[in-house]
Amino acid sequence: MPTNEAKGRHLAVVLAADVAGYSRLMSEDEEATLSLLTKYQEIIAGLVAEHRGRVFNMAGDGVMVEFASAVQAVRCAVAIQRALGRRNIDLPERRRMMFRIGINLGDVIARGGDLFGDGVNIAARLQTLDEPGDICISASVHDQIVGKLSFACECLGEKTLKNIARPVRAYRVRSSMEPPVPITELQSGSLALPDKPSIAVMPFVNMSGDAEQDYFADGLTEDLITALAKFRWFFVIARNSSFTYKNRAATVQQIGSELGVRYVLEGSTRKSSDRVRVTAQLVEAETGHHVWAERYDRDLAELFALQDEIVDRVAGAIEPEMLRMETLRVRRKAPDNLTAWELIFRGMWHFYQFTPAEHRCARELFRKAIVAAPDIAEGYTWLGRCNAGTLFFRWSENPAGDMAEGWQAALRAAQLAETDPYAHYAVGIMSVVMGRLHRAMEAAQRSIDLSPSFALGYMLLG
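Heads up, the sequence shown is in this note's numbering, so the first residue is 42 and it goes up one at a time.
Simulated from the structure, these hints should not be mistaken for lab results. Note that the coordinates shown come from a computational prediction; the quantities given were computed from them, not determined experimentally. Among these hints, one or two may not hold up.
Derived DSSO-like pairs (lysine-lysine); straight-line CA-CA distance at most 27 Å [what the hints assert, rightly or not]:
1) Lys200 - Lys189
2) Lys312 - Lys287
3) Lys271 - Lys80
4) Lys287 - Lys271
5) Lys409 - Lys271
Please build the complete structure, drawing on both the sequences and the hints.
Next up, the structure:
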């Protein structure tokens, strides 16, 4: 006669997830952290349901899920990390909420809807091997997904886990928004270019002759990747992919082809006594054309302040250069074969000609972009700005209609991209032409709060 425990035993795939640095987030802002955690847990629950899983425990900052399939569990984990990663991009770095995920296939005991046993404990312990945003799986899961999923896995070897009697062979699943691509795979072919302006930041080269100074070059590279990722216009290759090129000779054409990017940022650092020199250059990958280059010579007094200054200057210089190059590139393409982003960039070119006819042309392109991709905030941002310009210069043939369309577009932009200063600027400039000066000042201040060097925000403030 089987015991009650035996009746409750079965084989299951268990996914365990928790928030990295949860205590720090709570200590800094409890209400904001709990609000964000609730939103993220709702996202996770939705993705679990889509992948046929069952949440059996959601206590504190943790989520425990049961799957019948290892393939579905890993697919769900990757979807979770990508979905949360996209949302984290718009948050200040210290407020980003990143989950660690562990997945194990093993024997579990079911009791009252909850699961217990080593099968569960191993999944939870695998999280401790993770970096924030990572997925770690046991060998039992890895064996089930080999040849069935395209995600790359890195073997971490045999690991001793707390309160687990035997070592567990573990693997890390590459799941970031731009998964790192192994060198062997990179060499096998080219990747298609994304719709957005795409850039890879190569590891800056330490020219000091002192290997101990690598930390400064690497830190500068990582901070630049983070800074550029904050621009919604850009598709930025993740750190792990970029750093596969460290200490490896490769042309910009090769890098562009292998990573699927249109632009490459490269540079070097040289430290001498109490001075440091940083050089940076932005290169169009396909042609090798140097779009922008700059050199920074500074006193080495406050290293981190210096690093922040250089990152701000480089990122601030690169954004307009890339946008300028993209508008010129898109103008050369056939108008009937443009993506939503290309429609926006083509519209930007017409917008900046500042004539009634060009503004009408720009507006039609922004409208088409919205139809093609209604969830992209930038189409609405530019439609709002375009209508504001048309009204301001008295070019409008239908002021009431243009005002209503521009206002709704600007509001929708700010709704879709709450942390984008350009969206709030669109609300502000439409408020100006509508005579809502108090609302304009609020929007301008919001854009500056989001980006302290945002020139258009200061222009609105006067």
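Results for each hint:
1. Lys200 - Lys189: holds, 25 Å
2. Lys312 - Lys287: holds, 19 Å
3. Lys271 - Lys80: Status holds; Cα separation ~21 Å.
4. Lys287 - Lys271: Measuring from Cα to Cα gives roughly 24 Å; hence the hint holds.
5. Lys409 - Lys271: Holds: Lys409 and Lys271 sit about 25 Å apart, inside 27 Å.
Going through the hint list in order, the structure satisfies each hint without exception.
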